[in-house]
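Trainee: Spelled out, the chains give:
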Amino acid sequence: MIKRFAFAALLLVCTAAPLAAQDWIRTGTGLGVEKIRIAVPDFKAASADAQSPALVKTFNDVLWNDLEQAGIFEMVSKSFYPLGQFGGPADIRNDAWGNPPPSASMVAFGNLGVNAGYVVVQGWLFDVKNPQSPQVLAKQYRETASDENARAIAHRFANEIIFRLGGGIQGITETKIFFVRTTAGGKEVWEMDYDGANQHPVTKLGSISLSPRISPDGNRLAFSSYYQGGPNIHVWSMELNRLLNFPKFGGTNLSPAWSSDGTKLAFSSSRGGDPEIYTVDANGTNLKRVTAYRGPDVSPVWNPKTNAQIAFVSGRTGLPQIHTMESDGTNLQRLTNEGYAVSPSWSPNGQFLAFAWIRHYGPGAPGAQDIYIMDVASRQWVQLTHSGGRNDFPSWSPDGRHIVFQSNRSGSDQIWTMLADGSQQRQLTNSGVNTQPNWSAR
Amino acid sequence: MAADADIFESRDKLGQPLAVSLALHALLFAAAVVGPSILGKNTGEDWGGATSGGGAMSATLVSSIPLPSRPDATNVLANESKGLSESQPKPEVKEPDAIPIPDRDVKAKPTPKAATPTAQKPVPQREVAEADNRVPFGQGGPVSGPYGSFHAGGAKGGFGFTGGGGDFGSRYAWYVDQVRRKVSENWLKYEVDPTVSAARRVYIYFEIDRSGSPRNIRVEQSSGVPSLDQSATRALQRIDTFGPLPNDYYGSNVSVEFWFDYRR
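First to last, the protein sequences are chains P and H. So the first sequence is numbered by my numbering: it starts at 35 and just counts up by one. So the second sequence is numbered by my numbering: it starts at 27 and just counts up by one.
Any given hint might turn out to be false.
[To be verified] As a list, the in silico DSS-like pairs of lysine-lysine whose alpha-carbon atoms are at most 27 Å apart:
hint, chain 1, residue 1, chain 2, residue 2
1, P, K69, P, K173
2, P, K210, P, K339
3, P, K163, P, K78
4, P, K238, P, K210
5, P, K339, H, K215
6, P, K238, P, K282
7, P, K69, H, K215
8, P, K112, P, K91
9, H, K116, P, K163
[Stated by the list, open to error] From chain H, some residues computed to sit far from chain P (all C-beta separations above 12 Å):
hint, residue
10, D38
11, G41
12, D123
13, A124
14, I125
15, I127
16, P220
17, S223
18, R227
19, E233
20, I243
21, E246
22, S253
23, Q256
24, T259
25, E283
[What the hints assert, rightly or not] Derived DEER-like restraints, expressed as beta-carbon distance ranges:
hint, chain 1, residue 1, chain 2, residue 2, range
26, H, Y231, P, P165, 26 to 32 Å
27, H, R244, P, T319, 46 to 52 Å
28, P, Q367, H, Y231, 35 to 41 Å
29, P, G263, H, N242, 56 to 62 Å
30, H, R289, P, N341, 38 to 44 Å
What the hints contain is simulated information worked out from the structure, not anything from laboratory work. The beta-carbon is built from N, C-alpha and C at its ideal position, and this holds for glycine as well.
All chains, please: the whole structure from these sequences, using the hints.
Mentor: Below you can see the structure in the form of structure tokens.
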């Protein structure tokens, strides 16, 4: 009798005890592909000009940062490098770099000189594991001597390296990010380099402008603005530096999106009462309504690979969810089935959708808004940001390796970037309030 | 009357039930305290352990972003400072058997030293003779040329370059490395039929043209498992470009033979 009771009690404890926690922490995949170990010794100053120390420093900082940000390299720490200065191929000994402690596979090195107001940079990329023919790349650049040009040359040299070693995908070091900055007069569209440098305003309308989207060729900027009523869709010419003529459709018009060939815009408009998705040619003609269903349909984006599909946010089932459809409105598919999902952005290869998601929404739920990506075909998803405030408005870089987004984890809304696997998160803006980033296509 | 009085007056003996109850409670308490530590020995390892099914993370999904996958996150220290931690072949130090006594064994020592070089000499000669089609240890390999190999989970792949006068692989090792990296990134193992646990090697042939895009992709030798053949072919079809062929390379294209070993 006692035995039986004891056994039952033990059983009770057994079943209750191993409730192991399932959590997101599982990350390591170990697919066996490693990043390329690259060493980048500081470029040597080739002239004794008064300007050159500052330019050399700018160049070295930018080059290092570009390669580190590229996502395909493992930077060899400078403390492992052999002693000395490395200004040309004669200074490089393959075994000194290829063996531990640096054990680099690639070395990028060169020199920078200032001559008669021109900055001249010579750069090499050596494969030190292949002593028979180590040279992969040799480049020379010449520009008028200025800090901006030293920065631009570093970006261009980094781009060459990334293009050669990154499987033929162009680097993003010369791309721009457009965003909305809150100013005293309202909200204006600003522009900056991909690394956060060189922030400057684009529009000066003295109004509230939202959701800037740069055209694929980089010449036109579409956005939604309360300028002269609205909000309406406006198109800004980057070449003429003024607004282009674009029709006003009536109602509330929001979130324009370019097709990847630059011929069409999709946007949401409440001109018929309910916010629905419309498409229009780039010059404002040929307006077509695509969705027709009760409940708001907003934030369209084109599949950049085919331009035959549109992803958008729909509130037809209650809380906003991500949907896809063909660009004529057929074949509607719902991708998310819980929580609160907004701000889709389609990856350049058409395979993934990035979006902001509050997976558990409502009273009593934690309510963190994070960036996720979803494989459109298999509906598998991955969470990229973790419990760091409110993250929203993801936008893919043209190489498909980076995502820029907005986060308030630092206290106010600022622009951040990360690699598309969620690593290397970095804050780009620090002052004011900056929102709704959009990465240029080139 | 008497019966009623009996009910109220008589006393049951509480001693034995009380003892049983106490013993049971003690047992329950002991089980609650000791039980989890014995039974739930490895509950902690489910966090980030390789065996647990993670809720949100999916490995295969990330691998098709054009980023190298992160090395195994379980061993952070070893990965971060590879330059320091990569093990070097140990310098061979001959351990003296004993402290030599100066007076004795003076003549005995030279004889083993003279014997070892004579025993080693034939080995390099044999290696040179077999260098053309030598199969490296533990990998197997394609029939020809310079080649590389990669591992993906439990599976392996490898390849050989046959075009370009034969020295493409040695002249442009960085390009070969890039092809290896790109194919392994784009090979999605979940496309293979999950009931297959092991299959024969599948050989894929393709050419890379000057612009770097693969073409004429075909299965050279099937594995016998259609879904594996298809996943290997798709891995290559998924690739738009490997990047243009090196500028100083004169050929119009390079032929590549790529093999995939699948093991679940």
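Trainee: If a hint holds in the structure, say so; if it does not, say that too.
Mentor: Hints and how they fare:
1. For the proposed pair K69 (chain P) and K173 (chain P), the alpha carbon gap of about 24 Å is at most 27 Å, so the pair holds.
2. Between K210 (chain P) and K339 (chain P) the CA atoms are separated by roughly 21 Å; this keeps the pair inside 27 Å, and the hint holds.
3. At roughly 23 Å between alpha-carbon atoms, K163 (chain P) and K78 (chain P) fall within 27 Å of each other, so this suggested pair holds.
4. Using a Cα cut-off of 27 Å, the hinted pair K238 (chain P) and K210 (chain P) holds, with the two alpha carbons roughly 19 Å apart.
5. For the hint linking K339 (chain P) to K215 (chain H), the alpha-carbon distance of about 24 Å falls within 27 Å, and the restraint holds.
6. Taking the CA atoms of K238 (chain P) and K282 (chain P), the gap is about 20 Å. The hint holds against a cut of 27 Å.
7. Pair hint K69 (chain P) plus K215 (chain H) holds up; C-alpha atoms about 20 Å apart against a cutoff of 27 Å.
8. Proposed proximity of K112 (chain P) and K91 (chain P) is supported: the alpha carbons are some 15 Å apart, at most 27 Å.
9. Restraint check for K116 (chain H) and K163 (chain P): satisfied, since their Cα atoms lie roughly 21 Å apart, inside the 27 Å limit.
10. Under the 12 Å C-beta cut-off, the non-interface status given to D38 (chain H) relative to chain P holds; the minimum distance is some 17 Å.
11. Every CB of chain P is more than 12 Å from the CB of G41 (chain H) (nearest about 15 Å), matching its label as outside the interface.
12. For D123 (chain H), the condition that its CB be more than 12 Å from all CB atoms of chain P holds, with the nearest at approximately 32 Å.
13. Residue-level check passed: A124 (chain H) sits 35 Å from the nearest beta carbon of chain P, beyond 12 Å.
14. Listed as outside the interface, I125 (chain H) is consistent with that label: its C-beta sits roughly 34 Å from the nearest C-beta of chain P, beyond the 12 Å cut-off.
15. Interface exclusion of I127 (chain H) from chain P stands, the closest Cβ pair being 40 Å apart, more than 12 Å.
16. Its beta-carbon lying about 14 Å from the closest one in chain P, P220 (chain H) satisfies the requirement of being farther than 12 Å from that chain.
17. For S223 (chain H), the shortest C-beta to C-beta distance to chain P comes to about 19 Å, beyond the 12 Å cut-off, and the non-interface label holds.
18. A cut-off of 12 Å between C-beta atoms confirms that R227 (chain H) is not in contact with chain P; the least separation is 17 Å.
19. No beta-carbon of chain P is positioned within 12 Å of the beta-carbon of E233 (chain H); the least distance is around 16 Å.
20. No Cβ of chain P approaches the Cβ of I243 (chain H) within 12 Å, the least distance being about 17 Å, so the stated non-interface status holds.
21. For E246 (chain H), the shortest C-beta to C-beta distance to chain P comes to about 23 Å, beyond the 12 Å cut-off, and the non-interface label holds.
22. With 12 Å as the threshold on Cβ separation, the claim that S253 (chain H) sits away from chain P holds: the shortest Cβ distance comes to roughly 15 Å.
23. With a cut of 12 Å on Cβ distances, Q256 (chain H) stays outside the contact zone with chain P, its closest approach being about 15 Å.
24. The claim that T259 (chain H) is not at the interface with chain P holds, since no C-beta of that chain comes within 12 Å of its own (minimum 17 Å).
25. Here E283 (chain H) stays apart from chain P, with its beta-carbon at least about 19 Å from theirs, past the 12 Å limit.
26. Distance hint for Y231 (chain H) and P165 (chain P): a CB-CB separation of about 31 Å, consistent with the stated range 26 to 32 Å.
27. R244 (chain H) and T319 (chain P) have their C-beta atoms about 47 Å apart, which keeps the hinted 46 to 52 Å range intact.
28. Distance hint check: the CB atoms of Q367 (chain P) and Y231 (chain H) are about 37 Å apart, consistent with the given range 35 to 41 Å.
29. In this structure the supplied range 56 to 62 Å holds for G263 (chain P) paired with N242 (chain H), their Cβ-Cβ distance being about 59 Å.
30. In this structure the hint that R289 (chain H) and N341 (chain P) lie 38 to 44 Å apart at CB holds, the actual value being about 41 Å.
Taken one by one, the earlier hints all hold for this structure without exception.
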